[in-house]
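K.L.:
Sequence order for the protein chains is P and Y. Every letter in the first sequence is one number past the one before it in my numbering, and letter 198, counting from 1, is 209. Every letter in the second sequence is one number past the one before it in my numbering, and letter 40, counting from 1, is 123.
Some hints here could point you the wrong way.
[As the list claims (entries may be wrong)] Rough simulated footprint, nothing fancy, chain P against chain Y, three-plus residues with beta-carbon under 8 Å:
#1 93-106
#2 177-191
#3 311-318
#4 447-458
#5 510-521
#6 532-543
[Unchecked claim] Covered by chain Y, per the in silico footprint, the following chain P stretches (three or more residues, Cβ under 8 Å):
#7 56-64
#8 67-79
#9 334-344
Note that these hints are calculated values from the structure, not bench results. Note that CB positions come from ideal geometry on N, CA and C, so glycine has one too.
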Amino acid sequence: MRVSGASTYSLANSLRTTLINTQAKIEKANVEAVTGQAADTAEKLGATVHRYRYLMRQSERLDSISTANSLTIGRLSASQAALGGFASTTQALSAAAHIEGIGAVSSNGMKNYLTQLTALANTSQQGIHVFAGINTDVTPIPDYATSQLAADVEAAFTARFGFGTGDPSIATVSAADMADFLQNDALPLFTGTGWAGLSRATDEGIQSRILPTEITQTSVGTNENAFRLAFAAAGLGATFLDLNVDEGVGDAIRAFVHKTAANATAETTILQGKVGHMQERMQNAQDRLSQQSSLMREFADEMVAVDPYEAATRLNNLIQQLETSYTLTGRVQNLSLLRYI
Amino acid sequence: MSLTAALMNAHASIFDVSRRVSTVASNITHADDPNYVRRIAVNSVANSNNAYATQRAAAPQMESMRRESMTGSSGAELTAEKLEQLSRLLGNAEGTTSGLMKELQTQMELYAASPADSALGDAVVGKAEQLATTIRSNAQSLHGFAHVVGSEIRDEAGKLQQLLTDFAGVNKAIVAGRTIGQDVSDALDERSRLLNEMSAIVPVSQIHRENGDMMLLTSNGVTMFDKVPRDVTAVIDSTDSSRNAVYIDGIAIRVSADRESAGANGRLSALLNMSQQTLPGALTELDEMARALVVTFGESDSSATLPDMAGLFTWNGGPDISGLTSHVPSMALSLSVNPAFLSSAGGSSAALRDGGANGASYLDNSAGYASYSARLESIVSAFDTPFGFDPSVAGGTSKSLMDFTLGIEANMETARVSAADTALRASALTTSLTERFSNTVNVNLDEEIALLVDLQNSYEASSRIVSVVDEMLAQLFQATG
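Build the full structure now, drawing on both the sequences and the hints.
P.N.:
This is the structure we're talking about:
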């Protein structure tokens, strides 16, 4: 019985095993040298593979919120541009209504302004109406003349004066009465619940998720004061300047339009500020998202990174090892007593 | 001492050398057989009977150490291999399921940002279909895998039975040979080989009896062989793999619930652990994932009188989801997208945004506003809100759906790596013991050849004696005429 020795079988076997093991290691080192990342993530990270997956997933989630946000930013830009146009229109309306005598704005002029304001209020971007609250597939402001609100104004007039606006007795209405009617009977219909007879927007604005844990309102609708006053000025102006009234009453109407349109301009500027604030918030959120996302991605990449130079060196060493074991195998197999007898 | 005596001694020596050369020849023939134990020719000059004996250079203690480590390493290697296959099957390394879940949430988010865009809604439904298909096919793959493991258990049990039968034959030959004093070395080699193969399947303990007889036991003292081989039966349940079991001599093999301990007890134990623990566990996790999806996307009655119903995701037990409070077996196999959302089945994806797929009382967006995002946003948040998973699931009861999905994949990956580690260590031990054993009992060609040269010289010397004595006798005859 041998105490220590070697058998032919184990000698051959150990050389063979070394070859196979080295080749397997070469395969792995090759992948790592080329990609710069661990060949088997779970093997490199162990239990922390959970954290790696979490970081990757968080980073992708932040990217997707960022993408969704860019759509919202587009919509807010369109809203801001429309509000700018709205403000300049109401300003022009107010200025036009201030002119008296020759060059005073006519009913047709009013109707033009009304059309412009309606078009701006119905601005749509990518198929949704930006000022409609969440009722975005419906135009928020339809034609004024045929709307319920116009009918309500007509009913209020009849209730106050006893006859409709088409009646020739309208010539009997004094300027003061007309001014009072416009200010205290007709205007409240626009600023109060009667507005629903024209505007089909919802009070509730579009809610967007700007950060993973933050949902905020990102739209303004036609139920805001700016729109109400602007349409009061243009709508009432268009209706009443069309009537057969004398100049004094016409002047009273125009004064009303001038004042109301000026208020509308001021309100629109406030609204623009509100939208600007939303835009700023969106931009901040975007910056934060991109910062966090790239930070997380960096952490994650660091976790699985392998120094490619180290991997390449390892690969070279293994290849040398393999070549050595090839040579040795050949030489050892040739060692036999038979050659020396 | 006469010349004749010298001649007879020379004859005996020549005969002895011939016998030894045949032993050397036998050794050289089997130089590369790891199961062959080197034969040593015993010096029989003192034995006047001329009976010779050949011994085996056996090392029984080392042999049983090696066998023990072989049980551990073959079990560990099989476990590692199976977990690797399972991981590939489910796509855990690439994070297939969690990736789809992420994409579903992302699509929902995009839809919530632009609820008026029905194309985005359709994209969500498309992603949901992909996810449902993946979960379903994963569940089916697991069932298929369980089938394969079941038939492997049956094969291993059959192999063990065959080995025991062969063992019986060889054992009988050894006992018979020993009783009449024959050389049973070949049979002993064969018996060792059979024991090695058996050790890979189950752990084997031997009890030696007289005349070379052996009794075999497995873990917890169950008899495998005592004069006659015992029955090895595998009972495989094709629907519920946790019921798989193997009975030796009527007693079920006890399988540890811990994967590593089970692997240390041979291949059969490793396969049984996979059938009883790993695969049912994985199926339960998939079922829970399905349940979480169905409940998360479900619709509630606004007046809270009618039961909750299935929304985007449903299964063959739907549409009422109010009973889904704990694990429902095989739910993952029938997870599907509700046809009320599929445009190909006449449905529409708008019900994702508005609710109402189950009727008007389930409508959230009753005024039908196009940019209503509240319902969508609440579902997006729900992916990251803790869900009441079944306590039996390894993911834990207060994980969110997203964390649960990621956790399952991470856990299986960690298990795969740890099993590969264990296998590497166990097989390193086996390799080292095998090498030691081989160096002790196997043949070294150079040693045999050196011996051969020695024998050649002895033979030459002995035949010299014969020719010298022959010459002397011839001289004597010549002298006497």
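K.L.:
Does each hint hold? Answer for all of them.
P.N.:
Okay, the hints, checked on the actual structure:
For the stretch 93-106 of chain Y, the assignment as covered by chain P is violated, since 0 residues bring a beta-carbon within under 8 Å of that chain's beta-carbons and 3 are needed. A count of 5 residues in the stretch 177-191 of chain Y with a Cβ less than 8 Å from any Cβ of chain P is obtained; the coverage claim is therefore met, three being the minimum. Counting residues of the stretch 311-318 of chain Y whose CB lies closer than 8 Å to any CB of chain P gives 0, so the stated coverage by that chain is violated, three being the minimum. Counting residues of the stretch 447-458 of chain Y whose beta carbon lies closer than 8 Å to any beta carbon of chain P gives 7, which reaches the threshold of three, so the coverage claim holds.
Chain P is given as covering the stretch 510-521 of chain Y, and this holds because 4 residues of the stretch bring a CB closer than 8 Å to a CB of that chain, at least three being needed. For the stretch 532-543 of chain Y, the assignment as covered by chain P holds, since 3 residues bring a beta-carbon within under 8 Å of that chain's beta-carbons and 3 suffice. For a cut-off of 8 Å, the count of residues in the stretch 56-64 of chain P with a CB near a CB of chain Y stands at 5, and the three-residue condition holds. Against chain Y, the stretch 67-79 of chain P contributes 7 residues with a C-beta closer than 8 Å to a partner C-beta. That satisfies the three-residue criterion, and the hint holds.
Residue count for the stretch 334-344 of chain P with a Cβ under 8 Å from a Cβ of chain Y: 0. That is fewer than the three needed, and the coverage hint is violated.
When each numbered hint is compared with the structure, violations occur for hints 1, 3, 9.
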